[in-house]
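Undergrad: Each chain, letter by letter, is given below.
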Amino acid sequence: MTKTTLLGTAALVLLGFGGIASAADPIRIGVVTPLSGTYAPIGQQVRWGLELATKEVNAAGGILGRQVELLFEDEEANPAVATQKAEKLFQVNKVDFLTGTVNSGSTLAVGQLAERNGRLIATTVSFSDAITTDKCSPNVFRVNARAGQQSAALAEWLAKDKPKAKVYYLGPDYEMGRSTVAAFKQAAEKTGAQSTGEVFAPLGSKDYSQYFGQLRAARPSVLYTSTAGNDTVRLLTQMSEYGLLRNLTIVGASGTVTAQNIGAIGKAADGFVTGVGYSAELATPENKAFVAAFRKAYDTAPDLYGADSYGLIGFFKAAVEKAGSTDTDPLRKAMEGLSWSTPQGTKTMRAGDHQAIQDMYAVRIAADGGGNRFDVVGTVPGDAAIGPDQCTRF
Amino acid sequence: MADLIDYLQFVLAPQALNGLSLGVAVVLMALGLTIIFGLLDVINMAHGEFYAMGAFLALTLAGLGVGFWALLVLVPLLMLPIGWLVERWLIARVFHSRDRHILTLLLTFGLGMIMEDLLKLVYGPNTQRPENPIEGGTEILGMFLPNYRLFLIGFGLALIAAVWVVVFRTGLGAMVRAAAFDKDMASSLGVPVRRVYAGTFAFGVALAGLSGVLLAPIYSVFPTMGRDFILMAFTVVIVGGMGSIQGAVIAGLLLTQVQALSSLYISPVWSDPLVFGIMVLVLMVRPQGLFGRLGHA
Amino acid sequence: MPEATLRTLSDPGRTGPASRLSRLAPVHWLALAFLAAALGFAAVAWATGNGFYLRLATEALIFAGLAMSVDLLLGYTGLLSLGQALYFGLGAYVSALVLRDVAPSFWLAMAAALLAGGVAGLIGGVIANRVKGVYFALITFGLAQVAAKSVYNTRALGASDGLIGIPQISIGFGPFSLDTADPLSFFLLVLGLTVAAYAGLAYLMDAPFGRTLAAIRANEKRVPFLGFNAWRYKLAVYVLAACVAALAGALYPMLRGFVSPELMFFETSGNAVITVIVGGVGTLVGPVVGSLLLTALRSVVGSWTEHHLIVVGVIFMLSVIFLRKGLVGALLARLGRRTGQGRATP
Chain X
1 MTKTTLLGTA ALVLLGFGGI ASAADPIRIG VVTPLSGTYA PIGQQVRWGL
51 ELATKEVNAA GGILGRQVEL LFEDEEANPA VATQKAEKLF QVNKVDFLTG
101 TVNSGSTLAV GQLAERNGRL IATTVSFSDA ITTDKCSPNV FRVNARAGQQ
151 SAALAEWLAK DKPKAKVYYL GPDYEMGRST VAAFKQAAEK TGAQSTGEVF
201 APLGSKDYSQ YFGQLRAARP SVLYTSTAGN DTVRLLTQMS EYGLLRNLTI
251 VGASGTVTAQ NIGAIGKAAD GFVTGVGYSA ELATPENKAF VAAFRKAYDT
301 APDLYGADSY GLIGFFKAAV EKAGSTDTDP LRKAMEGLSW STPQGTKTMR
351 AGDHQAIQDM YAVRIAADGG GNRFDVVGTV PGDAAIGPDQ CTRF
Chain S
395 MADLIDYLQF VLAPQALNGL SLGVAVVLMA LGLTIIFGLL DVINMAHGEF
445 YAMGAFLALT LAGLGVGFWA LLVLVPLLML PIGWLVERWL IARVFHSRDR
495 HILTLLLTFG LGMIMEDLLK LVYGPNTQRP ENPIEGGTEI LGMFLPNYRL
545 FLIGFGLALI AAVWVVVFRT GLGAMVRAAA FDKDMASSLG VPVRRVYAGT
595 FAFGVALAGL SGVLLAPIYS VFPTMGRDFI LMAFTVVIVG GMGSIQGAVI
645 AGLLLTQVQA LSSLYISPVW SDPLVFGIMV LVLMVRPQGL FGRLGHA
Chain H
692 MPEATLRTLS DPGRTGPASR LSRLAPVHWL ALAFLAAALG FAAVAWATGN
742 GFYLRLATEA LIFAGLAMSV DLLLGYTGLL SLGQALYFGL GAYVSALVLR
792 DVAPSFWLAM AAALLAGGVA GLIGGVIANR VKGVYFALIT FGLAQVAAKS
842 VYNTRALGAS DGLIGIPQIS IGFGPFSLDT ADPLSFFLLV LGLTVAAYAG
892 LAYLMDAPFG RTLAAIRANE KRVPFLGFNA WRYKLAVYVL AACVAALAGA
942 LYPMLRGFVS PELMFFETSG NAVITVIVGG VGTLVGPVVG SLLLTALRSV
992 VGSWTEHHLI VVGVIFMLSV IFLRKGLVGA LLARLGRRTG QGRATP
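Chains as they are written, first to last, in my numbering: chain X, 1 to 394; chain S, 395 to 691; chain H, 692 to 1037.
Some clues are possibly wrong.
Once the Cα atoms are required to be at most 30 Å apart in a straight line, the calculated DSS-like pairs of lysine-lysine come out as [said to hold, decoys possible]:
(1) S/K577 x H/K823
(2) X/K296 x X/K317
(3) X/K267 x X/K160
(4) S/K577 x H/K1016
(5) S/K577 x H/K912
(6) X/K164 x X/K185
Distance ranges between label pairs, derived from CB positions [stated by the list, open to error]:
(7) H/W737 x S/L675: 51 to 61 Å
(8) X/P381 x S/P527: 43 to 53 Å
(9) H/T845 x S/L675: 23 to 33 Å
(10) H/A727 x S/R492: 29 to 39 Å
(11) S/L468 x X/P381: 52 to 62 Å
(12) H/A727 x X/P388: 52 to 62 Å
(13) H/A1024 x X/P138: 49 to 59 Å
(14) S/G461 x X/D375: 28 to 38 Å
(15) S/F562 x X/L248: 39 to 49 Å
(16) H/G865 x X/Q67: 48 to 58 Å
Here are a few chain S residues that sit away from chain H, every Cβ distance over 12 Å (derived from the structure) [unchecked claim]:
(17) I399
(18) D400
(19) L402
(20) V405
(21) T454
(22) G459
(23) L500
(24) G548
(25) F562
(26) G686
Source of the hints: derived by calculation from the structure; they are not laboratory data. Predicted model, so just to flag it, every value in this text is computed and none were measured. Cβ atoms here follow ideal geometry from the backbone N, Cα and C, with glycine treated the same way.
Pulled out of the complex, with its shape left as it was, chain X reads as follows (with noise of 0.2 Å):
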């Protein structure tokens, strides 16, 4: 026998124990993702979020009186593994519904693979409009807040607190960032904010100096960045150093400052505002308590990835109440137009596009060195956020 046989059995041998060894019969939700790579601190929140969920919903007895069960793999935010691990949750280990992919392409993909077999998977995390417009899909639900809400609440506040700004775009220079910006400043220019003039900036760059010369000649009151991760902690941290962050008001997309990042950034995110679909300091009973244990459990505050994935599972679970059984067909109608409470209040599933419709905050960050809060400065009402459904394919 040649070693590749003999290697090639013992894989599949290997493989095939994850499928074979479930027992009793507990619910299995397959989690795709990334657990390493760029986006492995939201893929870690991702995964604090569910699993402390899966706790509560187990220790009060699970769903229909079954355990739930959550099966980790990691995606490397690549399309690519993301579809190979999720096929292998769905024929080898199962699974009866999935979750966790982080970037759109992924969301995409895993939906497309999902549609295959037949099978319904939701997303936390990915923003991207096109997930719930253009790109539909009948088996892909969205429990977060997407592009164009987040844009609604900011470019509300911003009227308000700011009317008739003068706004500099930067972002970066890759198709979400763009759209992100652009997405904004439609939102801003309606309702009064001037637009001053953008840049972009590669994709990781390290250093933003040399657009600080343009930024200083548009001479904005208000400055807009779609950074995210390393690039919004470089970004800020420069601008603080250039002395720019003076007379400037900061303010960007929901991933823009997380949790991942606001340690890293310090004082220069103190005053950053953003529309999010979640905050920490949210005053809700739900929220607070869901804070509490959030941070007992993990030691640091859940941000909008942790939540929104914890407020997926009380969805999953009030579907599979309504539907009765975890079947595809009665599941997907469980969850069309279904209304559930998360730690940011009511959520309602729309059923024209499988979007969560939610109140949206502007949060205001304040990062005066007393620790760092997410402070809510404004709310827009589900649906005057939420932009009508663009979704043609069911």
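Starting from the known structure of chain X, fit chains S and H onto it as the hints suggest.
TA: Chains S and H alone, transformed into the frame defined by chain X:
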């Protein structure tokens, strides 16, 4: 005329000065790389990860209370034995093969992969940033430049000068150059060639680590930070001439100026392809770069 | 007289087609053994009822095609290409666009990918082949980066989301037809294509073309003195490798139904190089074996820990240091080589 002066003062000059601080950073990275290639004929694909390691070490030590100035000395010192061991245990094994270039490239590529994942394992994937040790800024000729950047430029240039002095004006440097030029001859003249190899690699690695410490306050620290510089550093080394210190310095400063100034006129996303295009051009027209090799120049 | 000399310089045992077959080099026997094992695997996997293993293996074979193209350059010509994913991704995108927007025809997609790969390979080859060694590696790396970035930013190509909605097609071979949705038949098709590619390339490498490449790898400066234009051969093998990579890439959207820019990223090129080194550089079957092993390894290890890069990295480094010729090479050395049938080793 007044418009031109305005333009020079408020647009071109600040841009050039910014390019200078970036240039010094790039040169420091490229310096270690070119020395390692020039002497050892080794392509160190893990150079970016050593840079990251230096930054993370600085973070850990700073957490233990070590001050920034002490870090500038301590971190390179700590990285020297690490570099030495990597050379002795890993590089030396493939060194005597005919496919040395490719094997060391592959080996250091694998090493880089492992180091990056290890850093993530130990420090977690989140971004961290040490405090800026020199706050504030200065007005120079109507331009505002942060003090830390001025320090960076000054310290960087001093460091480059120091390296040059060591390599070209000391006995140690003479041994290194001799071993690069002809290792058998140098060996028969009493130069401890194997130790010189290990030491040079360690020195290059320490330089990378020092760059990490210097740049951490402005570029922040995260496990994949090594990839930031690697393409630019290799480009500088190639354009300047593999193994040439003055080539690395001149090419480094020049290329970063090109990048900084070009971003005023063309979309910044083209600056990487532009730099790459320059590299290809140089390789096609003058493959040994501007200044050739250490020891051979 | 000269003829006899020539004969002793080349393989002494090879005279007619019959004796050629019976004197197959050990590496070809290994390839046949691998084929048998693959068929056995297919039978077992099909029996378990779910298509996952077959599709995983098909994906491994597709990436094995990419790895073979890297091996053509590295193992046979001594050129390390760090940007082969460029052609793989190109083939994938061209195939995806053809299948989605033009016609769901396998042959058309493959032909388009072949054409694209050939043209791109020609351009890339002219740029890259001006230099050798490390510089060649860096130029190929840079070319792939620039192309990947351009694709990443082009909305018409789906930008960072990539393209979904590639249909599952029916492939016609005269009276037979095959559905890409059926894991077993698609696996067998890809296996057949891989074997055909292997056979064709192995034959080519044993022919004078391959011998010249070996000469280039051994000592390029001497080759012109033997009357060959080294540059033309290098360009030819580069274009050939680009075509192989593009054809392999063309199969990807048929399997998975989407393409994304990550197919062109350095990770993909780097993985291909790792596959070649671990599997066995210069053997053509080594990359195939390596691809299957590493895919299985990543799948298994990836379920246990997210730090699988360390595991793969360590295996890779061990191969570079200790198993220079990879797993297959070590195996072949163990099986022994018949004299006169081996290639010149450094």
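Undergrad: Work down the list of hints and note, for each, if the structure agrees.
TA: Outcome of the hint check:
Restraint check for S/K577 and H/K823: the C-alpha separation of about 24 Å stays at or below 30 Å, so the hint holds. With a C-alpha separation of about 24 Å, the suggested pairing of X/K296 with X/K317 holds against the 30 Å cut-off. Annotation: proposed proximity of X/K267 to X/K160 holds, straight-line Cα distance about 25 Å (limit 30 Å). A threshold of 30 Å between alpha carbons decides the hint, and for S/K577 with H/K1016 the separation of about 28 Å falls inside it, so the pair holds.
As the CA atoms of S/K577 and H/K912 are separated by approximately 23 Å, the hinted pair is consistent with the 30 Å bound. A threshold of 30 Å between alpha carbons decides the hint, and for X/K164 with X/K185 the separation of about 13 Å falls inside it, so the pair holds. In this structure the hint that H/W737 and S/L675 lie 51 to 61 Å apart at CB holds, the actual value being about 54 Å. Here the CB-CB span from X/P381 to S/P527 is close to 48 Å, well matched to the stated 43 to 53 Å.
Distance hint check for H/T845 and S/L675: the Cβ-Cβ separation is about 25 Å, which falls inside the suggested range of 23 to 33 Å. The given range of 29 to 39 Å is respected by H/A727 and S/R492, whose C-beta atoms sit roughly 36 Å from each other. The hinted window of 52 to 62 Å between S/L468 and X/P381 holds, with their beta carbons roughly 56 Å apart. A hinted range of 52 to 62 Å for the beta carbons of H/A727 and X/P388 is consistent with their spacing of about 59 Å.
Between H/A1024 and X/P138, the C-beta spacing of about 56 Å keeps the proposed range 49 to 59 Å intact. Distance hint check: the CB atoms of S/G461 and X/D375 are about 35 Å apart, consistent with the given range 28 to 38 Å. The hinted window of 39 to 49 Å between S/F562 and X/L248 holds, with their beta carbons roughly 48 Å apart. A hinted range of 48 to 58 Å for the beta carbons of H/G865 and X/Q67 is consistent with their spacing of about 54 Å.
Listed as a non-interface residue, S/I399 keeps its Cβ farther than 12 Å from every Cβ of chain H; the least gap is roughly 37 Å. In this structure S/D400 is separated from chain H by more than 12 Å, as the shortest Cβ-Cβ distance comes to about 34 Å. For S/L402, the non-interface assignment is confirmed: its Cβ lies about 32 Å from the closest Cβ of chain H, beyond the 12 Å cut-off. No beta-carbon of chain H comes within 12 Å of the beta-carbon of S/V405; the shortest separation is about 27 Å.
Non-interface call for S/T454 relative to chain H: holds, since the shortest CB-CB distance, roughly 20 Å, exceeds 12 Å. Look at S/G459: its CB is around 30 Å from the nearest CB on chain H, clear of 12 Å, so calling it non-interface holds up. Annotated as non-interface, S/L500 brings its C-beta within 12 Å of a C-beta of chain H; the closest such distance is 5 Å. The claim that S/G548 is not at the interface with chain H holds, since no C-beta of that chain comes within 12 Å of its own (minimum 32 Å).
With a least CB separation of 25 Å from chain H, S/F562 remains clear of the 12 Å interface cut-off, as annotated. Chain H leaves S/G686 outside its interface by the beta-carbon criterion, the shortest separation being 14 Å against a cut-off of 12 Å.
In this structure, only the earlier hint numbered 23 is contradicted, and the remaining ones agree with it.
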